[in-house]
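Based on the sequences and whatever the hints tell you, model everything.
With the first letter of the sequence shown counted as 1, position 58 gets the number 58 in UniProt numbering; the numbers rise by one all the way through.
In short, the hints are calculated from the structure, not lab data.
Check before you lean on any hint, since a few could be wrong.
Simulated restraints on C-beta separations [to be verified]: (1) Glu278 to Arg2: 30 to 36 Å; (2) Lys123 to Glu206: 46 to 52 Å; (3) Thr176 to Pro107: 29 to 35 Å; (4) Met51 to Val183: 47 to 53 Å; (5) Gln272 to Tyr174: 31 to 37 Å; (6) Glu283 to Ile124: 37 to 43 Å; (7) Lys224 to Leu36: 52 to 58 Å; (8) Pro107 to Gly25: 28 to 34 Å; (9) Lys238 to Gly63: 36 to 42 Å; (10) Ala79 to Arg122: 44 to 50 Å; (11) Val183 to Arg122: 21 to 27 Å; (12) Lys199 to Asn115: 36 to 42 Å.
Straight-line C-alpha distance at most 27 Å; calculated DSS-like pairs for lysine-lysine [stated by the list, open to error]: (13) Lys129 to Lys100; (14) Lys271 to Lys204; (15) Lys214 to Lys204; (16) Lys271 to Lys224.
Keep in mind that this is a model prediction, so the values were computed, not measured.
A virtual CB, placed ideally from N, CA and C, is assigned to each residue, including glycine.
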Amino acid sequence: MRFVIVTGLSGAGKSQVVKHLEDLGFFCVDNLPPSLIPKFAEVCFQSRSKMDKIALVIDIRGGELFKDIFPGLSEIKAAGYNYEILFLEASDEVLIKRFKESRRNHPLSNEGRLNKAISEERKILQEIKNNASHIIDTSNLTTRQLKEEIARIFVEGKHFEGLIISIISFGFKYGTPIDCDLVFDVRFIPNPYYISSLKKLTGKHEDVKAYVLKSKETEVFIEKLSDMLEFLIPNYIKEGKSRLVIGIGCTGGKHRSVAIADDVYRLLVEKQHRVVIEHRDIEKDNKALAK
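Right, here's the structure in full:
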C-alpha cells in the first residue's frame, strides 16, 4: 500500500499533481478533514479491495482543522501504517502571478494583501514541510515536467534527493529576476546587437550563437562557470536545497544571455542534472519596436 499525503502552498500545483496521480492509478481524495485521516487509513489498509495506492490532499483550506493533521499522522504511524508526504512549493513571485491569472482568492487573504497571506501560509506549513518525504518546487516547471517528477517518485521509485536547476536569461534593463540565487552579468561579451545582420535575430539563431559562443571571453566564462557549478551543485544538494535559480543577464535579454543560457543548459543536461530554462525577455525588444 502506498499512502501519500499531498500538501503544500496554495497555487503550487496540488490540483495538477492529483490529476497525474490519478493517471498513475491512485485513488485520490481532496480536502479530507485531517481528523479523519486515522479512520480513513484504517479502512484503506485493512480493506481487501485492490486499492493499493491512496493520495489525500490536505492543506490550509480546512482553516483551523488543518492543525489536526499532526495528531492524525502520529496516530496512523502508531498503528503501523506507513505514509509519505509530498510537499509542493513555489516562489512568492510565481504564486502571486498564478493567483492573479486565475483570479482566485488565497484561502488566507480575507481581502488583505496576497503576499502577506502567502507569508502566513509558509509559517503554518513549515512543520509539515520539515517532515516531508518529497519536496517539489514548481516555480519553473511546465505541466509535462511536473508530471515527469511525479512519475520519477511514484513509478520509478526514486526518492527526491536532487535539486531542480532553473536557468533564466534576462535583460538588465527590464530588471533582475527577484528569485535568482546566482546572477551572472555577461555584458562584457561582444554584443551581436551592433552587427547589422544579427541585430534583429535572437540568441536562438545559429548565427548569433556562433558569434557569441566563439568569443574567447565566452569560452573562458563558460568554462569557469561550469567548474564553479560542479562544485556548488553537490554542496547545495547536501545542504537540502531543492531548487537553484541561475540568472544570466545581458542588456536586453535577447542575444548574449540567451545564447549563453542555452549553452549552460546543454552542459548541465549532459552531466545528468535536472534543468529547466526560461528566456524571460527574448521578445521584449521586438514588442517595444512594434508599438
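Results for each hint:
1. For Glu278 and Arg2, the Cβ-Cβ distance of about 33 Å falls inside the hinted range of 30 to 36 Å, so the restraint holds.
2. In this structure the hint that Lys123 and Glu206 lie 46 to 52 Å apart at CB holds, the actual value being about 49 Å.
3. Judged by the Cβ atoms, the range 29 to 35 Å given for Thr176 and Pro107 holds: they are separated by roughly 31 Å.
4. At about 49 Å, the beta-carbon gap between Met51 and Val183 stays in the expected band of 47 to 53 Å.
5. At about 32 Å, the CB distance of Gln272 to Tyr174 agrees with the hint of 31 to 37 Å.
6. With their beta carbons about 39 Å apart, Glu283 and Ile124 fall inside the hinted range of 37 to 43 Å.
7. For the pair Lys224 and Leu36, the supplied restraint of 52 to 58 Å holds, since their beta-carbon distance comes to about 56 Å.
8. About 29 Å separates the C-beta atoms of Pro107 and Gly25, a value consistent with the hinted range of 28 to 34 Å.
9. Separated by about 38 Å at the C-beta atoms, Lys238 and Gly63 satisfy the suggested range of 36 to 42 Å.
10. Separation of Ala79 from Arg122 is about 30 Å and departs from the stated range, judged on CB atoms against 44 to 50 Å.
11. Between Val183 and Arg122 the beta carbons are some 24 Å apart, a value that agrees with the proposed interval 21 to 27 Å.
12. In this structure, Lys199 and Asn115 meet the distance hint of 36 to 42 Å, their C-beta atoms being roughly 39 Å apart.
13. Between the alpha carbons of Lys129 and Lys100 the distance comes to roughly 25 Å, so the proposed pair stays at or under 27 Å and holds.
14. Straight-line distance between C-alpha atoms of Lys271 and Lys204 comes to about 22 Å, which keeps the hinted pair within the 27 Å bound.
15. Proximity of Lys214 to Lys204 is assessed by CA-CA distance (about 15 Å); at most 27 Å being required, the pair is judged to hold.
16. With a C-alpha separation of about 16 Å, the suggested pair Lys271 and Lys224 falls inside the 27 Å cut-off, and the hint holds.
Violation of the numbered hints given earlier is confined to hint 10; every other hint is satisfied by the structure.
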